[in-house]
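Peer 1: Once you've looked at the hints, dock chain B against the given chain A.
Chains A and B, in that order, are what the protein sequence lines are.
Residue numbering for the first sequence follows this note's numbering, beginning at 370 and increasing consecutively.
Residue numbering for the second sequence follows this note's numbering, beginning at 370 and increasing consecutively.
Possibly wrong hints are sitting among the right ones.
To be verified - Far from chain A, some chain B residues (derived; all Cβ distances over 10 Å):
#1 A386
#2 D399
#3 I435
#4 E440
As the list claims (entries may be wrong) - Derived list of chain B stretches under chain A, where covered just means 3 residues or more per stretch with a C-beta under 8 Å from a C-beta of chain A:
#5 441–452
#6 455–464
Don't read these hints as lab results, they were simulated from the structure.
Here a beta-carbon is modelled for each residue, glycine too, at the ideal position from N, C-alpha and C.
Protein chains: 2
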Amino acid sequence: MSFSQTINPEISETIIALEKGALEKWNQGDPSGYLKISAEDVTYFDPVTEKLLEGLDNLTKYYEPIKGIVEVSRYEMVGPKVTAVNNMAILTFTLHTYKGEVLSMWNCTEVYRLEPDGQWKIIHTHWSTVMK
Amino acid sequence: MSFSQTINPEISETIIALEKGALEKWNQGDPSGYLKISAEDVTYFDPVTEKLLEGLDNLTKYYEPIKGIVEVSRYEMVGPKVTAVNNMAILTFTLHTYKGEVLSMWNCTEVYRLEPDGQWKIIHTHWSTVMK
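Chain A with its partners taken away, still in its complex shape (with noise of 0.2 Å):
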């Protein structure tokens, strides 16, 4: 057992690019990719959520009604970090996202886990803005 929070940086770097990836297509309003990487025992909350939201399906029928909505012309992943114990990774950052000039700043925590088939899945997103 091993309580070493430094990471293969391989590993870090495949957790920021899944991430990246599925941001990327958040930001052009298609929330796809974010459920294409979550587990099917996901757990949520962002900053309008009153209480955890379960599960993959729950996610998807949530995500729903925000499709084509989001649109992000500039982002900025900032300090993204990610620490790893065992079968379990922890990614934050904060997010910086342009709407023309329009700056909102975010917090993120996503946990990964490794599953059977070698495939890093969410198991738990934690979405939060950052107040000025």
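Peer 2: Only chain B this time, still in chain A's reference frame:
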């Protein structure tokens, strides 16, 4: 290697009890409970952090000016859920706090790691406010 998120009920109870112990001190303006159960390499987001806060020393300094300020007359930990893979566990809950009759709602994600001495310590905290 196990991929199940089912968890020994005792572990779940242990972790919820750790969190409630720290939270009840916090509600009286005392951050020491959280500091005591956070690992040296803890990372932290809350609604006003504009980037990830890293390390117990930094968290200790961050909490310093908050001492004695928080004053919660009543709280409810709504829907606490613990999921685990090996020696990591994720606790999620929604917190309702009351100052008099004024309700505030928070979502919280805590990632706990089982340390070599058998204690569970927080390695990542994410607090956010629920927007209504």
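Peer 1: Decide, hint by hint, whether the structure agrees.
Peer 2: So, going through the hints one by one against the coordinates:
With a least beta-carbon separation of about 20 Å from chain A, A386/B lies farther than 10 Å from that chain, consistent with its non-interface assignment. With a least CB separation of 24 Å from chain A, D399/B remains clear of the 10 Å interface cut-off, as annotated. Distance to chain A confirms I435/B as a non-interface residue, since its nearest Cβ pair spans about 15 Å, more than 10 Å. No Cβ of chain A approaches the Cβ of E440/B within 10 Å, the least distance being about 20 Å, so the stated non-interface status holds.
Counting residues of the region 441–452 of chain B whose beta carbon lies closer than 8 Å to any beta carbon of chain A gives 4, which reaches the threshold of three, so the coverage claim holds. Taking a C-beta to C-beta cut-off of 8 Å, the region 455–464 of chain B contributes 7 residues in contact with chain A, enough for the three needed, and the coverage statement holds.
In the structure shown, no violation is registered for any of the earlier numbered hints.
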